[in-house]
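K.L.:
Sequence:
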Amino acid sequence: MNYDEIFEKSPEGMLIFDNEGNIVLANECLSRLLLYEEQELVGTKLSELFNEADANKILSKSLNLALEDSITINSAMRKKTGALAYTQTKFKRISPELLLAVVRDVAVNIEILQQLQSSEENFRQITEHIRDVFFLNDAKTREFVYISPGYEKIWQRPLSELYDQPDSWLNFIHPEDRKRVEKLYAEKQKTGKFNAKYRIIRPDGKTRCIHARVFPIYDDEGKLYRMAGIAEDITDEIQAVQDQRQESHIAGKSIHELMVAIITAFEQRDPYTVGHQNNVAYLSKAIAKELDFDTERLKGLELAALVHDIGKIGIPAEILNKPTQLTDIEYELIKTHPKAGYDILKNIQFPWPVAEIVLMHHERLDGSGYPQGLKGDQILLEAKIIAVADCLDEMLSYRPYHPSFGLKAAMDKLQQASQQFDEDILKTCAYLLFEKKIDPYVSKPSLLNGKDIFSIS
Numbered sequence: 034m035n036y037d038e039i040f041e042k043s044p045e046g047m048l049i050f051d052n053e054g055n056i057v058l059a060n061e062c063l064s065r066l067l068l069y070e071e072q073e074l075v076g077t078k079l080s081e082l083f084n085e086a087d088a089n090k091i092l093s094k095s096l097n098l099a100l101e102d103s104i105t106i107n108s109a110m111r112k113k114t115g116a117l118a119y120t121q122t123k124f125k126r127i128s129p130e131l132l133l134a135v136v137r138d139v140a141v142n143i144e145i146l147q148q149l150q151s152s153e154e155n156f157r158q159i160t161e162h163i164r165d166v167f168f169l170n171d172a173k174t175r176e177f178v179y180i181s182p183g184y185e186k187i188w189q190r191p192l193s194e195l196y197d198q199p200d201s202w203l204n205f206i207h208p209e210d211r212k213r214v215e216k217l218y219a220e221k222q223k224t225g226k227f228n229a230k231y232r233i234i235r236p237d238g239k240t241r242c243i244h245a246r247v248f249p250i251y252d253d254e255g256k257l258y259r260m261a262g263i264a265e266d267i268t269d270e271i272q273a274v275q276d277q278r279q280e281s282h283i284a285g286k287s288i289h290e291l292m293v294a295i296i297t298a299f300e301q302r303d304p305y306t307v308g309h310q311n312n313v314a315y316l317s318k319a320i321a322k323e324l325d326f327d328t329e330r331l332k333g334l335e336l337a338a339l340v341h342d343i344g345k346i347g348i349p350a351e352i353l354n355k356p357t358q359l360t361d362i363e364y365e366l367i368k369t370h371p372k373a374g375y376d377i378l379k380n381i382q383f384p385w386p387v388a389e390i391v392l393m394h395h396e397r398l399d400g401s402g403y404p405q406g407l408k409g410d411q412i413l414l415e416a417k418i419i420a421v422a423d424c425l426d427e428m429l430s431y432r433p434y435h436p437s438f439g440l441k442a443a444m445d446k447l448q449q450a451s452q453q454f455d456e457d458i459l460k461t462c463a464y465l466l467f468e469k470k471i472d473p474y475v476s477k478p479s480l481l482n483g484k485d486i487f488s489i490s
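Position 320 (the sequence shown) corresponds to 353 in our numbering; numbering is contiguous.
There may be inaccurate statements among the hints.
In silico DSS-like links for lysine-lysine, alpha-carbon gap of 30 angstroms or less [to be verified]: (1) 112 <-> 125; (2) 173 <-> 322; (3) 446 <-> 372; (4) 368 <-> 408; (5) 230 <-> 173; (6) 223 <-> 256; (7) 90 <-> 113; (8) 355 <-> 256; (9) 125 <-> 94; (10) 372 <-> 322; (11) 226 <-> 216; (12) 256 <-> 125; (13) 113 <-> 94; (14) 256 <-> 123; (15) 78 <-> 112; (16) 223 <-> 173; (17) 216 <-> 239; (18) 379 <-> 408; (19) 322 <-> 408; (20) 173 <-> 256; (21) 368 <-> 446; (22) 469 <-> 322; (23) 94 <-> 123; (24) 230 <-> 186; (25) 256 <-> 230; (26) 216 <-> 186; (27) 372 <-> 408; (28) 226 <-> 239; (29) 90 <-> 125; (30) 90 <-> 112; (31) 125 <-> 78; (32) 368 <-> 441.
Simulated from the structure, these hints should not be mistaken for laboratory data. Keep in mind it's a predicted model, so treat the numbers as computed, not measured.
Using the sequences plus the hints, can you model the full thing?
P.N.:
In structure tokens:
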């Protein structure tokens, strides 16, 4: 990797500036931190990113740097929005005309915030105007060195309690969360690190949700001597998430009702296809569970499987149920059903790629499928699962144009075409059928009479 690539790909912010403080180059990481486009920073003055005092300090110190010498300064950089990013920046002279700055975002690291202040009083003035709770503990005694007033606002309890009894905050944790937090707190005494979300109970009986994080501070010998932390009241954020879930649930119910209407119409026209879709959904979901799909992804897969042949609604029933071999024209008409299904579903606002899965369920790994001739990773995993379940159920079912295969014969036929199907899915399917012995023949409850798959669990 050359120097240009190192500069551009660095996980830390980097910029190059001249002796007058003009920025001549900035990398993507720094632009992202400060919310600028890369080219926007070029030509910018250091004084636009740092306050005037810091910019003058940087220039005066860096101008005296010999080649390859460096200095490190803790400061706050100004984002494009005007907000501040707390940073630790190392300045190094790389030529008589140019200097390199490597910028590290230290976020809410209290040790750095302390270093930014000229006195403890200034530090207090800053923290007292922030609604979150900042605190410092002595690593040996566990006593609080400092607690910001935000504690009294959030906990609605006096600071004096914590100064007198440093562990008393544990008494206010919700009983269901206390044991877990106490365990994490015990580990914090060894590592200086803590990250937990828990509920507290206020004196008035109301519950608030807290996210607390603690960071270790080491002395010059590398020994832990302070623990700095921040505790945030995240009750409103959690409520917003719950509200969003409720809205999603309501939207899901609307989609569910729409799908019921579509499937009901289809069932009256072609009962076999609806039963087939139920079987495919059942087997697909069983396979996906073995492949560790999470609950939300399972819902999307199940819905796509339940409607994967919905595009056949536009194909004449006499072709779908024809007892003799299809003509070339009839077969080409059958092959339009994935695209027709996609067109029916594409404008419905599903939280999953249902239309795309339906479009791809006849694609094959080797590119021999339809309608797009996709290969390998171009095909969604959900579509690969449905492809296996679809073919298996088709072979196991009696149809006017072919008798029912036995289970072993059907599975053997699939495995003989392994170049078309995902190997892990085939193995999982065989495991379910022959070791766990699930019943693929039984048409399981569909979207029409089963549990609403859109329900939020």
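K.L.:
Each hint needs a verdict: does it hold in this structure or not?
P.N.:
These are the hints, each one checked on the structure:
1. 112 <-> 125: holds (23 angstroms)
2. 173 <-> 322: violated (48 angstroms)
3. 446 <-> 372: holds (26 angstroms)
4. 368 <-> 408: holds (17 angstroms)
5. 230 <-> 173: holds (25 angstroms)
6. 223 <-> 256: Holds - the C-alpha atoms of residue 256 and residue 223 are around 11 angstroms apart, at most 30 angstroms.
7. 90 <-> 113: Holds - the C-alpha atoms of residue 113 and residue 90 are around 22 angstroms apart, at most 30 angstroms.
8. 355 <-> 256: violated (81 angstroms)
9. 125 <-> 94: It holds: about 11 angstroms lies between the C-alpha atoms, which stays within 30 angstroms.
10. 372 <-> 322: Holds, at about 27 angstroms.
11. 226 <-> 216: Roughly 13 angstroms between the alpha carbons, so the hint for residue 226 and residue 216 holds.
12. 256 <-> 125: holds (29 angstroms)
13. 113 <-> 94: holds (26 angstroms)
14. 256 <-> 123: Since the Cα atoms of residue 256 and residue 123 sit roughly 24 angstroms apart, the hinted pair holds (cutoff 30 angstroms).
15. 78 <-> 112: Given pair residue 78, residue 112 holds - Cα atoms ~13 angstroms apart, limit 30 angstroms.
16. 223 <-> 173: holds (10 angstroms)
17. 216 <-> 239: holds (24 angstroms)
18. 379 <-> 408: holds (22 angstroms)
19. 322 <-> 408: Distance ~24 angstroms between residue 322 and residue 408 Cα, so the pair holds.
20. 173 <-> 256: The hint holds at about 11 angstroms.
21. 368 <-> 446: holds (21 angstroms)
22. 469 <-> 322: holds (13 angstroms)
23. 94 <-> 123: holds (12 angstroms)
24. 230 <-> 186: At roughly 18 angstroms apart (the allowed maximum being 30 angstroms), residue 186 and residue 230 satisfy the hint.
25. 256 <-> 230: holds (27 angstroms)
26. 216 <-> 186: holds (26 angstroms)
27. 372 <-> 408: holds (17 angstroms)
28. 226 <-> 239: Measuring from Cα to Cα gives roughly 28 angstroms; hence the hint holds.
29. 90 <-> 125: holds (14 angstroms)
30. 90 <-> 112: OK: residue 90 and residue 112 at ~19 angstroms, within 30 angstroms.
31. 125 <-> 78: Judged against 30 angstroms, a Cα distance of about 17 angstroms means the pair holds.
32. 368 <-> 441: holds (27 angstroms)
Against the hints set out earlier in the document, violations occur for numbers 2, 8.
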